[in-house]
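Kindly produce the complete structure, drawing on both the sequences and the hints.
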Amino acid sequence: MSFFRLVSPGLRAGLLVAVGSVLLAVPFALGLSVGAIVVGVGVGILAIGLGLAGAASEGRATLPLSAHAAYDLGLALGLVFAAVAFGAGGEAGAALFFFVVGLVQLTLSAVTRYSAGPATPSFLQ
Numbered sequence: 234m235s236f237f238r239l240v241s242p243g244l245r246a247g248l249l250v251a252v253g254s255v256l257l258a259v260p261f262a263l264g265l266s267v268g269a270i271v272v273g274v275g276v277g278i279l280a281i282g283l284g285l286a287g288a289a290s291e292g293r294a295t296l297p298l299s300a301h302a303a304y305d306l307g308l309a310l311g312l313v314f315a316a317v318a319f320g321a322g323g324e325a326g327a328a329l330f331f332f333v334v335g336l337v338q339l340t341l342s343a344v345t346r347y348s349a350g351p352a353t354p355s356f357l358q
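Numbering (this note's numbering), first residue to last: 234 to 358.
Worth double-checking, as some hints may not be accurate.
[Claimed, not checked] Pair by pair, the computed Cβ-Cβ distance ranges are: (1) Ser254 - Val317: 22 to 28 Å; (2) Arg346 - Ser266: 36 to 42 Å; (3) Val271 - Leu244: 17 to 23 Å; (4) Ser241 - Val333: 20 to 26 Å; (5) Leu285 - Gly323: 31 to 37 Å; (6) Gly264 - Ser348: 26 to 32 Å; (7) Ala300 - Val267: 31 to 37 Å; (8) Gly275 - Leu244: 32 to 38 Å; (9) Leu244 - Val333: 19 to 25 Å; (10) Phe237 - Val274: 19 to 25 Å.
Read the hints as simulated data drawn from the structure, not as lab findings.
Where a beta carbon is used, it is the ideal one built from N, C-alpha and C, also for glycine.
Take a look at the structure:
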């Protein structure tokens, strides 16, 4: 199954920071349970860290693009599993929130191009 790979690794990094920020802030704003807030803060920090690690394509402290693909998928599936756990615990609001964010993350990972594009020639050469 193939999707259009429209999102560049740099844009993906920015969007992942945005997803992490949503995970940090929205559980507080919705008045979710303490457990949902703890999960949101923990996963939000993880998402922001992954986004920042993907901001540069080379240099120290960067991850290979194949690792980003695996981590993005793991993050999405973890959010969906958290939604199932909150649903089983009777917290419908938290379940819906984490399920929607998990689907957003899954969609982002499906449309991200996890390959380095051709180097753009410098106008100085």
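For each hint, the structure was consulted:
1. Evaluation of the 22 to 28 Å hint for serine 254 and valine 317 yields a pass: the beta carbon distance comes to about 24 Å.
2. Distance hint for arginine 346 and serine 266: a CB-CB separation of about 38 Å, consistent with the stated range 36 to 42 Å.
3. At roughly 30 Å, the beta-carbon separation of valine 271 and leucine 244 lies outside the given 17 to 23 Å, and the hint is violated.
4. Between serine 241 and valine 333 the Cβ separation comes to about 24 Å, which falls inside the hinted range of 20 to 26 Å.
5. About 35 Å separates the C-beta atoms of leucine 285 and glycine 323, a value consistent with the hinted range of 31 to 37 Å.
6. Hint check: glycine 264 to serine 348, Cβ distance near 42 Å, so the stated range 26 to 32 Å is violated.
7. Range check, alanine 300 to valine 267: about 32 Å between beta-carbon atoms, so the 31 to 37 Å window is met.
8. At roughly 25 Å, the beta-carbon separation of glycine 275 and leucine 244 lies outside the given 32 to 38 Å, and the hint is violated.
9. At about 21 Å, the CB distance of leucine 244 to valine 333 agrees with the hint of 19 to 25 Å.
10. Checked against the hint of 19 to 25 Å, the pair phenylalanine 237 and valine 274 fails, with Cβ atoms roughly 33 Å apart.
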